[in-house]
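Required output: the full structure, derived from the provided sequences and hints.
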Amino acid sequence: MKLAEALLLRRDLENRLHILRTEITGSVLVQEGDTLDRSVSDLLADYQQGSQQLDEIARQINHTNAHTTIVESSLLVVDALSQRERLRQSHALYTQMLDAAKAGPRMGRNEIRYVRTIDTKEITKLLNQTAQQLREIDGQIQQTNWLTDLSQ
1 MKLAEALLLR RDLENRLHIL RTEITGSVLV QEGDTLDRSV SDLLADYQQG SQQLDEIARQ
61 INHTNAHTTI VESSLLVVDA LSQRERLRQS HALYTQMLDA AKAGPRMGRN EIRYVRTIDT
121 KEITKLLNQT AQQLREIDGQ IQQTNWLTDL SQ
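In this note's numbering, the protein residues as written are 1 to 152.
Among these hints, one or two may not hold up.
What the hints assert, rightly or not - Each pair of labels, with its calculated beta carbon distance range: (1) Ala101 - Leu44: 49 to 55 Å; (2) His63 - His18: 23 to 29 Å; (3) Ser41 - His63: 30 to 36 Å; (4) Asn62 - Gln129: 27 to 33 Å; (5) Glu72 - Ile24: 40 to 46 Å.
No lab work stands behind these hints: they were computed from the structure.
We treat Cβ as the ideally placed atom computed from N, Cα and C, and that holds for glycine.
Now the structure itself:
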């Protein structure tokens, strides 16, 4: 199995466990006289089985990420993931700064006037650079995920 396939499987398992949690909590109390389609104990057994599968696949993914190098950048996948997260956070910050710098409506001369305290051109430049770096590292990670076999 390729690393990318394992990541898809992990996401499916996480979604399945979320649905099971919702079903379990919704089945704890029922109106008197109602019956459940599936017992809470059956749902719990399915949840525990899915949780064990998720644990196993997550361990394999983590082990693979810790021992796989991205050819283009010579980074371990785990380090590239950390770098990608840092870039995502920076990108979000720059976007929020530019959104906050947009001038609000002024109704008349007597209203308070707001002035920017940042250079929006510079922040836009940083935003674009960060977006490019993010696309590059994400592409490298995705390529590596599809070329790498999952560790056992």
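Here is what the structure says about each hint:
For Ala101 and Leu44, the hinted distance range of 49 to 55 Å is satisfied, since their beta carbons lie about 51 Å from each other. With their beta carbons about 25 Å apart, His63 and His18 fall inside the hinted range of 23 to 29 Å. Between Ser41 and His63 the CB atoms are about 33 Å apart, so this pair conforms to the stated range of 30 to 36 Å. About 30 Å separates the C-beta atoms of Asn62 and Gln129, a value consistent with the hinted range of 27 to 33 Å.
Roughly 44 Å separates the CB atoms of Glu72 and Ile24, a value that falls within the hinted 40 to 46 Å.
Hint compliance for this structure: no hint is broken.
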